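K.L.:
Using the sequences provided together with the hints, build the complete structure.
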Amino acid sequence: MGMSVDKETVLKIASLSRIKISDAQADTLLPELNNILGWVEQLGEVDCEGVEPTTAVIANQLRLREDAVVDGLTGGGIREQILANAPAREEGFFGVPKVIE
Amino acid sequence: MADITELSIKAIRDGIVSGDFTAVETAAAFNARVAAAKDLNAFIVKTPDIAVDQAKAVDAAKADGKPLGKMAGVPIGMKDLFCTQGVQTTAASHILEGFIPTYESSVSGNLWASGAVMLGKLNLDQFAMGSSNETSYFGNVISPWRKSGSDAALAPGGSSGGSSTAVAARLCPGATGTDTGGSIRQPAAFTGITGIKPTYGRCSRWGVVAFASSLDQAGPMAHDVRDCAIMLEAMAGFDPKDSTSLNAPVPDWEVALNSDLNGKRVGIPKEYHMDGMDAEISALWDKGRDMLRDAGAEIVDISLPHTKYALPAYYIIAPAEASSNLARYDGVRYGQRDLPDGAGLQEMYAETRAAGFGDEVKRRIMIGTYVLSAGFYDAYYTQAQKVRTLIRRDFDTAFEQCDVILAPTTPTAAFELGEKSDDPLAMYLNDVFAVPASLAGLPAMSVPAGINSDGLPLGLQIIGPAMDEQSVLNAGLAIEERAGFTAKPEEWWT
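Top line first, the protein sequences correspond to chains A and B. If you read the first sequence in the numbering used here, its first letter stands for residue 1, the second for the next number, and so on. If you read the second sequence in the numbering used here, its first letter stands for residue 1, the second for the next number, and so on.
Derived by calculation from the structure, the hints in this document are not laboratory data. Careful, some of the hints might be misleading.
[Stated by the list, open to error] BS3-like cross-link-like pairs, simulated, lysine-lysine; straight-line CA separation at most 30 Å:
1. K488(B) - K46(B)
2. K46(B) - K56(B)
3. K98(A) - K362(B)
4. K420(B) - K7(A)
5. K7(A) - K362(B)
6. K20(A) - K420(B)
7. K147(B) - K420(B)
8. K62(B) - K46(B)
9. K308(B) - K362(B)
10. K420(B) - K12(A)
11. K362(B) - K12(A)
12. K264(B) - K308(B)
13. K362(B) - K20(A)
14. K10(B) - K66(B)
15. K362(B) - K38(B)
None of the values given here were measured: they were computed from a predicted structure.
P.N.:
See the structure below:
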């Protein structure tokens, strides 16, 4: 299993998670995350040789949807509903800061 | 006439159907109870006008001689994890503050179709992550219960803490809950009410704010087993919009309720006897065994050997799924956005999520991100999913020897707010008895079964095989009939 994380790793995880954290927050998170990770490490002692990982908890078959246009679901024409909660909208699209320099 | 707010779901529904009182009278009585209970902070949004409008529709249907549904005119609280069209849905987070869904979750839609009436959206732990309702952006929910001789505020349990408080304080006769790793059963046990998590896939997840998709399951919280059966029938059902929804008919659980357990075997898992177990919980468990034997059941000792690994496996699997599910909160399509002057897209994401998520949510997203990251995926995530397979096999083997399993719901009674909030691991241990059934997708319920020496309620848990909610409800009913739990919290909040 993994070993304990250092502060640099905490900052990297935060970056991968797209959550801005301050240096002080990283210091607080460091022991918290290590406590939790240290505790889950006990799973390493379970012999799982030949055991398949769970993919579906209750046996069930994934269904294919009928390839048909359904009003309100796949029929389109609901731009206003989709944009209704957008923090910023422009010309009928989601508005975001400029991404191309 | 008796106070309507003291009645069960069944009594309210039957009273409206038979014309003893109207749905509008019922809604008004509960709206008043809700308005007077601000100190409990159980509701994030109250919807008294919607309640009255929905009640009018039920009364009109009755006047027209139309058939009335299973929940006709029954006012309920809706956990604020279910999207409700036109009514703010936040998952108790800042990042979704102001989010007004343009669609209705399948479970809430099923309830309205059955005649239920919405009093409002109930508080919860943020994104359903917590066991004490202390992670809500909208403040703590306070349990209506207090220890004898104390004014200290107690945790209502979590994550469905608004639901448990609202039902226990009789602000509504029933409420929706969701259970990812105990979030229906633990709060039910803490507040002296009944709650059932059905088999994974019974209730549609469509329109429910996702936490951990392989575990999330909705269920009812109410005063007794019969009310849970009625409300679960109204909530459950196949939904083509949820890929893991079970395409199976919803049984008539209420009609088939039967507390005669002759010929049934009840398993007592030896691994649930934990070192340093609370003596009162241990004694309650023994009493539960006697009650089920009295109902005709045979008691058998069983073993669930991987029990001790359930909680650590859960705290890999649930955060992993959460880190993926919560990636959608990016400040682009809905919810809050934090855009400092001159910031680019990546900075906007990071600022938005820093400001929008609470500490526990951030911790879990980061744990999930770490265990899924390159180089660690197999050691953590794959290993946890293999252990999950072993836990499921434990239950499969056990159910060859018994029909249901009896266990405590929680290791202790309700604790004080603030008592565990600085120690995530101590908080996680609350769900040590609840999580195994969640990992295996099994139906499980908590029934109030006693009062401890502090005057606080304690719950017993029944776990059944997949799809066999009926056996769980029947054993729960047998306990309910024998425990004679009638204690109520003293009404300090009005």
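K.L.:
Does each hint fit the structure? Answer for all of them.
P.N.:
Here's how the hints hold up against the structure:
1. K488(B) - K46(B): 24 Å, holds
2. K46(B) - K56(B): 18 Å, holds
3. K98(A) - K362(B): 27 Å, holds
4. K420(B) - K7(A): 25 Å, holds
5. K7(A) - K362(B): 16 Å, holds
6. K20(A) - K420(B): 26 Å, holds
7. K147(B) - K420(B): 17 Å, holds
8. K62(B) - K46(B): Within the cut-off at roughly 26 Å; holds.
9. K308(B) - K362(B): 26 Å, holds
10. K420(B) - K12(A): Satisfied, since the Cα-Cα distance of roughly 28 Å is no more than 30 Å.
11. K362(B) - K12(A): 14 Å, holds
12. K264(B) - K308(B): 27 Å, holds
13. K362(B) - K20(A): 10 Å, holds
14. K10(B) - K66(B): 19 Å, holds
15. K362(B) - K38(B): Between K362(B) and K38(B) the Cα gap is close to 29 Å, so the pair holds against 30 Å.
Hint violations for this structure: none, all hints satisfied.
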